[in-house]
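Protein chains: 2
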Amino acid sequence: MIFRQFFDSESSTYTYLLASAVGREALIIDPVKERLAHYLQAIEDLDLKLVKAIDTHTHADHVTALGDLRESLGCVTVMGEYTKAECVSMHVTEGEIVDVDGLRLQALYTPGHTNESFSFVLKPQSPEAVFTGDVLLIRGTGRTDFQGGSADRSWDSIVNKLFVLPDETTLYPAHDYKGWTASSIGEEKRHNPRLAGKTRDEYVRIMENLNLPNPKMMDVAVPANLACGQE
Amino acid sequence: MIFRQFFDSESSTYTYLLASAVGREALIIDPVKERLAHYLQAIEDLDLKLVKAIDTHTHADHVTALGDLRESLGCVTVMGEYTKAECVSMHVTEGEIVDVDGLRLQALYTPGHTNESFSFVLKPQSPEAVFTGDVLLIRGTGRTDFQGGSADRSWDSIVNKLFVLPDETTLYPAHDYKGWTASSIGEEKRHNPRLAGKTRDEYVRIMENLNLPNPKMMDVAVPANLACGQE
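Sequences listed follow chains A and B, in order. Using the numbering used here, read the first sequence as starting at 861 and increasing by one per residue. Using the numbering used here, read the second sequence as starting at 861 and increasing by one per residue.
Since the hints were derived computationally from the structure, they do not count as laboratory data. Keep in mind that the hints are not guaranteed to be accurate.
Remember, identical chains collapse to one label, so a pair may be satisfied in a single copy or spanning two.
Distance condition first, Cα-Cα at most 30 Å in a straight line; then the derived DSS-like pairs of lysine-lysine [said to hold, decoys possible]:
1. K1058 / K1038
2. K1038 / K1076
3. K909 / K893
4. K1038 / K893
5. K909 / K1049
6. K893 / K1049
7. K909 / K1058
8. K893 / K983
9. K1076 / K944
10. K909 / K944
11. K909 / K1038
12. K1038 / K1049
13. K893 / K944
14. K944 / K983
Hey, can you work out the whole structure from these sequences and the hints?
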């Protein structure tokens, strides 16, 4: 398998490019519009054919490259079934497999940060990694105070859907703000300060008291992302 | 093997933590002083014992955490034999193996960015990855205009020592400024704009005409790093 992680320093977003080393078909997860040229370069340099572009959820902090990638390369655009982004061509449901040339990702509905967030498990029969979007971060969790977010549902998604994956599953989030590039399910179970040793009620209280300002790009990013970054 | 890549956004430095999953002994490559707390947290969270801390070369753009890590955790500090940093306790020579609990890194003398730079090949008998410091970057190379740098020697190091590694060897540099986190030897042979299809003379000309300003931290970082970050 070919695997690349990219970092957008403006929004602290991680984007993932995965491809089959044999057939060279690729998919990308959570691409950022401003980084389009880099993805196109990597795809060309690595001699790949991008067939799918996934957004884990409607981002509020950056504009997606989904629409631009579809326009440039003709890939299928993928999001969860509850997204309001009408420009998306494939809407995945709980448990559905996204297959790219034998590379399999299983969609898990993991609301909480937004009400339409999905996570994606790589090689679900023996999980190797999970791309969690913003629901579970490294030593943190995604805020739950807008876009249909819910601390209760975040807890359920994390505890009942993500923490049941094997401890050694690598965690690849959509963001990190401290320079950490990956974690694992076991590590977050043991060391995530919002979750380890906490009850659901304690978690909900933590999330309700974050008092974060709105993301500076929110008013631009959400409408733009509902149009796959092309409005 | 346990593997973690960290990013220091101030200096765009990548730091690598490697450990044996069995014995839990670890080494770190190119740690940044300001990120010390993060490394200590990761080492503790992952239940590791840091036994060695390596600097690929005397950095001019950030202050090393080598001395602080030695003070905090009692690890051995490692650099190449030609470093002027007297605080270093283990000076490696060409071909020498740095062994941590069976995890083997081979030192390669790769001058060019500085006259004392080493690269380190992970699992040298069947190379998996190479940590190149600043001599070879992703789609770039380290500047050669100070600290005993030499475009000629940079070319020799890259072409005769790094490009002879298998194409599939993952390249982990000490820096990236565009959000790319890794590459491979084959990819750089084919797509590095300073090297692919270029002659030695063309490369030397490119490097001699970069006209870069000095790193803003140079006057602080170099003397500080000669004292392992503790002056």
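I'd like to know which numbered hints this structure contradicts. Please list them from smallest to largest.
none
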